[in-house]
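Trainee: Residue strings, one per chain:
Protein chains: 2
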Amino acid sequence: MAELFNALTVHKARAALALHLPPAKPGVKLALLESLDRRLAQEVRASEDVPGFDRSTVDGYAVRARDTYGATEGMPSYVDIAGEVTMGREPKGGVRTGQAWRIATGGMLPAGADAVVMVEYTEELDARTIGVTRPVAPGENVVRRGEDIGAGEIALPAGHRIRPQDLGMLAAVGITQVEVVPPLKVGIISTGDELVGPADTPGPGQVRDINSYALYGAVHNCGGEPRLYGMVRDIYEELKITLEQALQENDLVLLSGGSSVGARDVAARVIDAMGEPGVLFHGISVKPGKPTVGAVVNGKPVFGLPGHPASAMVIFELMVAPLLRTGGYHFDGEDHPLDFPLRAVITRNLHSAAGREDYIRVKLSSRDGQFYADPILGKSGLIGTMVKADGLARIPFGKEGVEAGELVEVKLF
Amino acid sequence: MAELFNALTVHKARAALALHLPPAKPGVKLALLESLDRRLAQEVRASEDVPGFDRSTVDGYAVRARDTYGATEGMPSYVDIAGEVTMGREPKGGVRTGQAWRIATGGMLPAGADAVVMVEYTEELDARTIGVTRPVAPGENVVRRGEDIGAGEIALPAGHRIRPQDLGMLAAVGITQVEVVPPLKVGIISTGDELVGPADTPGPGQVRDINSYALYGAVHNCGGEPRLYGMVRDIYEELKITLEQALQENDLVLLSGGSSVGARDVAARVIDAMGEPGVLFHGISVKPGKPTVGAVVNGKPVFGLPGHPASAMVIFELMVAPLLRTGGYHFDGEDHPLDFPLRAVITRNLHSAAGREDYIRVKLSSRDGQFYADPILGKSGLIGTMVKADGLARIPFGKEGVEAGELVEVKLF
Numbered sequence: 001m002a003e004l005f006n007a008l009t010v011h012k013a014r015a016a017l018a019l020h021l022p023p024a025k026p027g028v029k030l031a032l033l034e035s036l037d038r039r040l041a042q043e044v045r046a047s048e049d050v051p052g053f054d055r056s057t058v059d060g061y062a063v064r065a066r067d068t069y070g071a072t073e074g075m076p077s078y079v080d081i082a083g084e085v086t087m088g089r090e091p092k093g094g095v096r097t098g099q100a101w102r103i104a105t106g107g108m109l110p111a112g113a114d115a116v117v118m119v120e121y122t123e124e125l126d127a128r129t130i131g132v133t134r135p136v137a138p139g140e141n142v143v144r145r146g147e148d149i150g151a152g153e154i155a156l157p158a159g160h161r162i163r164p165q166d167l168g169m170l171a172a173v174g175i176t177q178v179e180v181v182p183p184l185k186v187g188i189i190s191t192g193d194e195l196v197g198p199a200d201t202p203g204p205g206q207v208r209d210i211n212s213y214a215l216y217g218a219v220h221n222c223g224g225e226p227r228l229y230g231m232v233r234d235i236y237e238e239l240k241i242t243l244e245q246a247l248q249e250n251d252l253v254l255l256s257g258g259s260s261v262g263a264r265d266v267a268a269r270v271i272d273a274m275g276e277p278g279v280l281f282h283g284i285s286v287k288p289g290k291p292t293v294g295a296v297v298n299g300k301p302v303f304g305l306p307g308h309p310a311s312a313m314v315i316f317e318l319m320v321a322p323l324l325r326t327g328g329y330h331f332d333g334e335d336h337p338l339d340f341p342l343r344a345v346i347t348r349n350l351h352s353a354a355g356r357e358d359y360i361r362v363k364l365s366s367r368d369g370q371f372y373a374d375p376i377l378g379k380s381g382l383i384g385t386m387v388k389a390d391g392l393a394r395i396p397f398g399k400e401g402v403e404a405g406e407l408v409e410v411k412l413f
Numbered sequence: 001m002a003e004l005f006n007a008l009t010v011h012k013a014r015a016a017l018a019l020h021l022p023p024a025k026p027g028v029k030l031a032l033l034e035s036l037d038r039r040l041a042q043e044v045r046a047s048e049d050v051p052g053f054d055r056s057t058v059d060g061y062a063v064r065a066r067d068t069y070g071a072t073e074g075m076p077s078y079v080d081i082a083g084e085v086t087m088g089r090e091p092k093g094g095v096r097t098g099q100a101w102r103i104a105t106g107g108m109l110p111a112g113a114d115a116v117v118m119v120e121y122t123e124e125l126d127a128r129t130i131g132v133t134r135p136v137a138p139g140e141n142v143v144r145r146g147e148d149i150g151a152g153e154i155a156l157p158a159g160h161r162i163r164p165q166d167l168g169m170l171a172a173v174g175i176t177q178v179e180v181v182p183p184l185k186v187g188i189i190s191t192g193d194e195l196v197g198p199a200d201t202p203g204p205g206q207v208r209d210i211n212s213y214a215l216y217g218a219v220h221n222c223g224g225e226p227r228l229y230g231m232v233r234d235i236y237e238e239l240k241i242t243l244e245q246a247l248q249e250n251d252l253v254l255l256s257g258g259s260s261v262g263a264r265d266v267a268a269r270v271i272d273a274m275g276e277p278g279v280l281f282h283g284i285s286v287k288p289g290k291p292t293v294g295a296v297v298n299g300k301p302v303f304g305l306p307g308h309p310a311s312a313m314v315i316f317e318l319m320v321a322p323l324l325r326t327g328g329y330h331f332d333g334e335d336h337p338l339d340f341p342l343r344a345v346i347t348r349n350l351h352s353a354a355g356r357e358d359y360i361r362v363k364l365s366s367r368d369g370q371f372y373a374d375p376i377l378g379k380s381g382l383i384g385t386m387v388k389a390d391g392l393a394r395i396p397f398g399k400e401g402v403e404a405g406e407l408v409e410v411k412l413f
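Here the protein sequences come in this chain order: Z and Y. Okay, so the first sequence: first residue is 1 according to full-length UniProt numbering, each after it adds one. Okay, so the second sequence: first residue is 1 according to full-length UniProt numbering, each after it adds one.
Looking at chain Z on its own, in the form it has when it is part of the complex:
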């Protein structure tokens, strides 16, 4: 057992796991629209210029810019209308000195033209001649060939999560099949002799399983593929059978529950017996969430999450979500700054301990452009405290608390 008996910092716990994380799974090809929210297995390069030609961004007249120099409303530059660009077609012929072609937004510039005069800055003298009342510079009102992306350039880097605009970029460069990292399959097991399912009526001493459902949602929203293995009693052999099956069928397994010392020990022993290196830490210096077991078993991460629902969800966010979203931890073990995008004024004094990170469930409000975070009071065993919250405020490792009025960093739900 490689177990460390002292609670680790989040940073060190991540580092301990990172040493044993398996390499990324091989990429799979998905149809373009199916690739939304997945991560690219490989970078995507443009094989041609986008757009493939100089393109007008306005309705007007394609001209040689130098023919418009010095034009004013009082003394327009006159040019002959030599043609009209048909949308989606290559103009036959070019623009010579003293000539212009009618062109609409998105049209292809004729050869010889290097700018477009907006129709608002022209006056039609007759059917064949216009006056330009304001000069244009070369390239003005034009998207140049390859200006969106050039042939050979990287359109999207490997590992990039595909957002709506990235679907647009992939379409633009002609990608219809996208090689993405497959989602991690996550087995979810709840443990506890007191648990019954949501369809059951709890008897005296029994409660319904909450964590399986909250974790299912959390895994799903991080791009993982959750699978529930139901409720298991805190008995070594029973837990072993279910964990073995979950490990076979998934890339990562979450156990939760067993908040008593006895139950935690059973879970830790079962996990540790499954394979190498086994349990890597037993305890994280985070509140709520300290009684967390972290393990890697034959290349598959296994987490023993706390039984209290708020604790399990906080530890999920810190330790599991980064793995599901990106396949690993940020190289330096720190959170990505955008994980905590909001700054809010905390409305109460809160105590912490210097050697611990605290995550406070907060309700947010806004006044005059400033956000305020009201701590939600209540034990971490109450799912209601998470339901009332809009996010989690952090009291960092080195701080012994925050005073009302201080700014805190908030992660949003």
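Rather than coming from a laboratory, the hints here were simulated on the basis of the structure. Ideal Cβ placement from N, Cα and C applies to all residues, glycine included. A few of these clues could be false.
Pairs of lysine-lysine, DSSO-like flavour, derived with a Cα cap of 30 Å [to be verified]:
1) Y:Lys185 x Z:Lys29
2) Y:Lys411 x Z:Lys388
3) Z:Lys185 x Y:Lys29
4) Z:Lys379 x Y:Lys92
5) Z:Lys399 x Z:Lys388
6) Z:Lys29 x Y:Lys388
7) Y:Lys379 x Z:Lys363
8) Y:Lys240 x Z:Lys411
9) Z:Lys287 x Z:Lys388
10) Z:Lys363 x Y:Lys411
11) Y:Lys363 x Z:Lys411
12) Y:Lys399 x Y:Lys185
13) Y:Lys240 x Y:Lys399
14) Z:Lys92 x Y:Lys379
15) Y:Lys12 x Y:Lys287
16) Y:Lys287 x Y:Lys240
17) Z:Lys411 x Y:Lys388
18) Z:Lys290 x Z:Lys240
19) Y:Lys388 x Z:Lys25
20) Z:Lys388 x Y:Lys25
21) Y:Lys29 x Z:Lys388
Among chain Y residues calculated to face chain Z with C-beta under 7 Å, some are [as the list claims (entries may be wrong)]:
22) Asp59
23) Glu194
24) Gln206
25) Val207
26) Gly230
27) Met231
28) Pro337
29) Pro341
30) Leu342
Got chain Z sorted already, so can you dock chain Y onto it with the hints?
Mentor: Relative to chain Z, chain Y alone:
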């Protein structure tokens, strides 16, 4: 044609549409796990107390608090071990004065007990007696019956979007079928004689359709059900046939493209001929995104979005996303403050016009806990500008610009 010929503010454009929006669709029942990210059609109330009994939050001994008053390490209070709580079972018998029961985290308090002493603050004298070394108050280390949620209380309000923790709450109160608002079906049509599909090789003057794919992703990520109707030429009869079909099969239709004045007029005329009240505005005072047509046709919103990809996506965020996420606009027409959760220092001077909102594509970085927003230069016709961006910074309606160093509000992608 109820068309207003001046560009409307976002606020007024929303108000114009809101007058004609249809009522919410009737709720549909989904299995609990399927309801993630959907909106509740009705409030959910707890039909029983959760938990259904007083529950220990620690490992220790259930006692009568008053038996521990005055206890110290030097002078412990001695109590008799009268039983042990089995997890998930009702303790048979109760705790009398001078007695304690062994109890693990999550166990049901025996009758008579009103607090739990943590095992750390006890010492075992012999197999039948412990000394308590620190007093507990009534209710200490206990979750009381109904403390998470009480019978008859609202667990989740109508319209609430179901997050992972809300799945947990629904499970806790025994809900296995959830009545949710069905997603809006959204038809997406790209118009433009110059468009080809992503699988095609564009000829001279042709470009691949970008907006269909970017909008598909955007609709999907807002909880809508997107359906692509492909590319249609800017010809009245062709657009009419496709729009008719899309309106029949969807709750909302997005057209995009046709950036030239002629194409925009065709789109507006086709939309307006479809039904009442027809086009409500033609132009929004937003940059990028001004050439936007807003309409309601027989109770179904129809948007003519700009052809430039960045413009189409900005207008989607402002005008369409709120409808898909919540079924309506915020009652006062303003954005929800959490739509712009991040404050960043803008790194360049940017000009705006006082009667217009500007949305600046920005790349974010972080230094010493402060976010910085670098504006991405480039025309709104370039999808690459959206791909490089982490979010949109807003220059509000009344401001004529921002100076480098000012704080701006940022919506994240």
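Trainee: Now tell me if each hint is right for this structure.
Mentor: Status of the hints after comparison with the structure:
Taking the CA atoms of Lys185 (chain Y) and Lys29 (chain Z), the gap is about 27 Å. The hint holds against a cut of 30 Å. Restraint check for Lys411 (chain Y) and Lys388 (chain Z): the C-alpha separation of about 23 Å stays at or below 30 Å, so the hint holds. Distance hint between Lys185 (chain Z) and Lys29 (chain Y) is fulfilled; the C-alpha atoms sit about 27 Å from each other, no more than 30 Å. At most 30 Å may separate the alpha-carbon atoms for a hinted pair to count; Lys379 (chain Z) and Lys92 (chain Y) meet this at roughly 27 Å.
Of the supplied pair hints, the one linking Lys399 (chain Z) and Lys388 (chain Z) holds, its CA atoms being roughly 26 Å apart against a limit of 30 Å. About 24 Å separates the Cα atoms of Lys29 (chain Z) and Lys388 (chain Y), which keeps this hinted pair within 30 Å; it holds. Taken as a hint, the Lys379 (chain Y) and Lys363 (chain Z) pair is broken in the structure, with Cα atoms around 39 Å apart against an allowance of 30 Å. Distance restraint check for Lys240 (chain Y) and Lys411 (chain Z): the Cα-Cα separation of roughly 46 Å exceeds the 30 Å cut-off, and the hinted pair is therefore not satisfied.
Straight-line distance between C-alpha atoms of Lys287 (chain Z) and Lys388 (chain Z) comes to about 18 Å, which keeps the hinted pair within the 30 Å bound. This hinted pair checks out: Lys363 (chain Z) and Lys411 (chain Y) have alpha carbons roughly 19 Å apart, not beyond 30 Å. As the CA atoms of Lys363 (chain Y) and Lys411 (chain Z) are separated by approximately 19 Å, the hinted pair is consistent with the 30 Å bound. A hinted pair counts as satisfied when its Cα atoms are at most 30 Å apart, and Lys399 (chain Y) with Lys185 (chain Y) does not qualify at roughly 37 Å.
Annotation: proposed proximity of Lys240 (chain Y) to Lys399 (chain Y) is violated, straight-line Cα distance about 40 Å (limit 30 Å). The suggested pairing of Lys92 (chain Z) with Lys379 (chain Y) holds, with an alpha-carbon distance near 27 Å, which does not exceed 30 Å. Between Lys12 (chain Y) and Lys287 (chain Y) the alpha-carbon distance is near 16 Å, which keeps this suggested pair within the 30 Å criterion. Note on Lys287 (chain Y) and Lys240 (chain Y): the hinted pairing holds, with a Cα-Cα distance of about 29 Å set against a maximum of 30 Å.
A C-alpha spacing of about 23 Å is found between Lys411 (chain Z) and Lys388 (chain Y), which places the hinted pair at or below 30 Å, so the restraint holds. Restraint check for Lys290 (chain Z) and Lys240 (chain Z): the C-alpha separation of about 23 Å stays at or below 30 Å, so the hint holds. For the hint linking Lys388 (chain Y) to Lys25 (chain Z), the alpha-carbon distance of about 27 Å falls within 30 Å, and the restraint holds. Proximity of Lys388 (chain Z) to Lys25 (chain Y) is assessed by CA-CA distance (about 27 Å); at most 30 Å being required, the pair is judged to hold.
Our distance criterion of 30 Å between C-alpha atoms is met by Lys29 (chain Y) and Lys388 (chain Z), whose separation comes to about 24 Å. Interface restraint check: Asp59 (chain Y) against chain Z, minimum CB-CB distance 5 Å, threshold 7 Å, status holds. Hint on Glu194 (chain Y) holds. Least Cβ distance to chain Z is approximately 4 Å, under the 7 Å limit. At its closest, the beta carbon of Gln206 (chain Y) sits 5 Å from a beta carbon of chain Z; the interface hint therefore holds under the 7 Å criterion.
For Val207 (chain Y), the interface hint holds, since its Cβ comes within 7 Å of a Cβ in chain Z; the closest pair sits about 5 Å apart. Checking Gly230 (chain Y) against chain Z by beta carbon gives a least distance of about 12 Å; that is not within 7 Å, so the hint is violated. About 10 Å separates the beta-carbon of Met231 (chain Y) from the nearest beta-carbon of chain Z, more than 7 Å, and the hint is not met. The closest approach between the C-beta of Pro337 (chain Y) and any C-beta of chain Z is roughly 4 Å, which is under the 7 Å cut-off, so the hint is satisfied.
Among the interface hints, the one on Pro341 (chain Y) holds; its C-beta lies about 4 Å from the nearest C-beta in chain Z, closer than the 7 Å criterion. Hint on Leu342 (chain Y) holds. Least Cβ distance to chain Z is approximately 4 Å, under the 7 Å limit.
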